[in-house]
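Participant: Here is how the chains run, residue by residue.
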Amino acid sequence: EPEVTQTPSHQVTQMGQEVILRCVPISNHLYFYWYRQILGQKVEFLVSFYNNEISEKSEIFDDQFSVERPDGSNFTLKIRSTKLEDSAMYFCASSADRIQETQYFGPGTRLLVL
Amino acid sequence: GESVGLHLPTLSVQEGDNSIINCAYSNSASDYFIWYKQESGKGPQFIIDIRSNMDKRQGQRVTVLLNKTVKHLSLQIAATQPGDSAVYFCAENKASGSRLTFGEGTQLTVNP
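Each protein sequence line maps, in turn, to chains W and A. The first sequence begins at 6 in our numbering and counts up one residue at a time. The second sequence begins at 304 in our numbering and counts up one residue at a time.
Only chain A is shown next, with the shape it has when bound in the complex:
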């Protein structure tokens, strides 16, 4: 039978490679953006965030880039490890509101 549900974009990389996960957001009023990692059966885990007055922010092995002109967000993971395998979601938030709006998610698979 036909499967029901969202088909996630997938990214498969070799251990040690760098990964880039992309996200397009829709609301030009959004001014706070977050990347979450979700492992199977678990809740979203905060990775890194960025506010709209910045275009780049770095964390430990992760970098987020924000391009407000084209409403695009990316997450770069350096030296990807098998433990990085998960679904990655971007989320956006407006200063006037409290809700996070999540993107579609990307399934990252790291091959040893």
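Chain W with its partners taken away, still in its complex shape:
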């Protein structure tokens, strides 16, 4: 069964450093998403992406964040200058369509900012 994959599974970084989280969405899906989950809290939407541009973003997704689809398979989230409060689990998701279609989630990348 096709699934969303994410690398790395864990990332430890120093405050102020740049990190890139990588995702490979399900191959025939067209919509891609990033969510995050701070430990013990609910999952929060960051951004959605379609046709090589951002279609929707939350208030969390500020200028420190960017997304890119560098090739036909990868989807990346870059945090330019990490802060302590960026420590969280980051989930990538993809869906075949945007309108009321199931979003399938990857296993996540646990980011720890020291």
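Hints should not be assumed to be uniformly reliable.
[To be verified] DSSO-like, lysine-lysine: derived pairs with alpha carbons at most 30 Å apart:
id : chain 1 : residue 1 : chain 2 : residue 2
1  : A       : Lys359    : W       : Lys47
2  : W       : Lys88     : W       : Lys47
3  : W       : Lys62     : A       : Lys374
Just so you know, the hints here were simulated from the structure itself, not pulled from any lab data.
Use these hints to put chain A onto chain W, whose structure you have.
Facilitator: Same frame as chain W, but now just chain A:
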């Protein structure tokens, strides 16, 4: 010291019992609802969804009920098994948007 973070509602059941997990949603414009299961250290796993033109949908051992009048969603799990132990989140989506808004989550523990 004081713990930080969200205190999840919990539900503890015996193996073989039926479980009912409830969720209240806030946005009356939401018209698509999903239940996800999240095991420790893993990503949310799709269980079942329902659109606002329905009030009930059944899957394998799971049923979702939607009450739009009171903005309430429930997940029923029949013959609960130890493998069902996880945190269950409801999520809502508006047709005009792409984001999923997740609820608070319920920690289900199944005792053998």
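Participant: Work down the list of hints and note, for each, if the structure agrees.
Facilitator: Here's how the hints hold up against the structure:
1. Lys359(A) to Lys47(W): Given pair Lys359(A), Lys47(W) holds - Cα atoms ~25 Å apart, limit 30 Å.
2. Lys88(W) to Lys47(W): 20 Å, holds
3. Lys62(W) to Lys374(A): 25 Å, holds
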